[in-house]
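Asker: In order, the protein sequences belong to chains B and U. Mapping of the first sequence onto the working numbering: position 84 corresponds to residue 84, and the numbering continues sequentially without gaps. Mapping of the second sequence onto the working numbering: position 69 corresponds to residue 1069, and the numbering continues sequentially without gaps.
Hint data in this document are derived by calculation from the structure and do not stem from the laboratory. All values derive from a computational prediction rather than experimental measurement. Note that CB positions come from ideal geometry on N, CA and C, so glycine has one too. Do not rely on the hints blindly, as some may be mistaken.
Unchecked claim - Below, a list of computed lysine to any residue pairs in the SDA-like style, where the Cα atoms sit at most 25 angstroms apart:
#, chain 1, residue 1, chain 2, residue 2
1, B, 73, U, 1101
2, B, 22, B, 62
3, B, 22, U, 1099
To be verified - Non-contacting residues of chain B with respect to chain U, defined by C-beta distances greater than 10 angstroms in every case (computed):
#, residue
4, 7
5, 19
6, 22
7, 59
8, 64
9, 81
10, 108
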Amino acid sequence: AQRVTQPEKLLSVFKGAPVELKCNYSYSGSPELFWYVQYSRQRLQLLLRHISRESIKGFTADLNKGETSFHLKKPFAQEEDSAMYYCALSGRSYNTDKLIFGTGTRLQVFP
Amino acid sequence: DAGITQSPRHKVTETGTPVTLRCHQTENHRYMYWYRQDPGHGLRLIHYSYGVKDTDKGEVSDGYSVSRSKTEDFLLTLESATSSQTSVYFCAISDRGIEQYFGPGTRLTVT
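Starting from the given sequences, assemble the full structure and let the hints guide the process.
Answerer: Here you go:
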């Protein structure tokens, strides 16, 4: 079964500390993985997708197929990073790709 | 933000009443999706559409129906609202069925 697991509901760090938001997945095939971010009372925004291998707002994520993980990392957290982060897996079906979301991790960055 | 709007943005209704939420896009994207967002569950797919009059069920479709008579509009209907359908509802669109763009959300309270 296709599944995305985000084990931490809440992650609290101080400004300047490193951040790692964990994401593990279960998928038979070649997955496409994404990180979405939702700032307070705003719409979800795409932050990263693994195929582009880019860094957005200082965040990076590497797909580790051996560990079936796609952890989101940032070396120095900023207060404006405080938000809800969702890991998502694209599960291709006949007519469309459907996103399967994890339950989300709330990141709190304290000054 | 992609051209996606949702209406209404907030609604309070009573148990047993019908409710229709509207998602409108100006991007001419083929794929449209309805999700609900609940604490501890993340985002769960209710229904999706891969073209005009082409729709299919998602993970949590019971109690919901959808219609798409035009490319730009995707309607979500709760035939008889229940308290368990109190949630925040997000619409999303996608051009190629991979990367999704989200609307601002509708906060629905069923009393």
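Asker: Of the numbered hints stated previously, which ones are contradicted by the structure, given in increasing order?
Answerer: none
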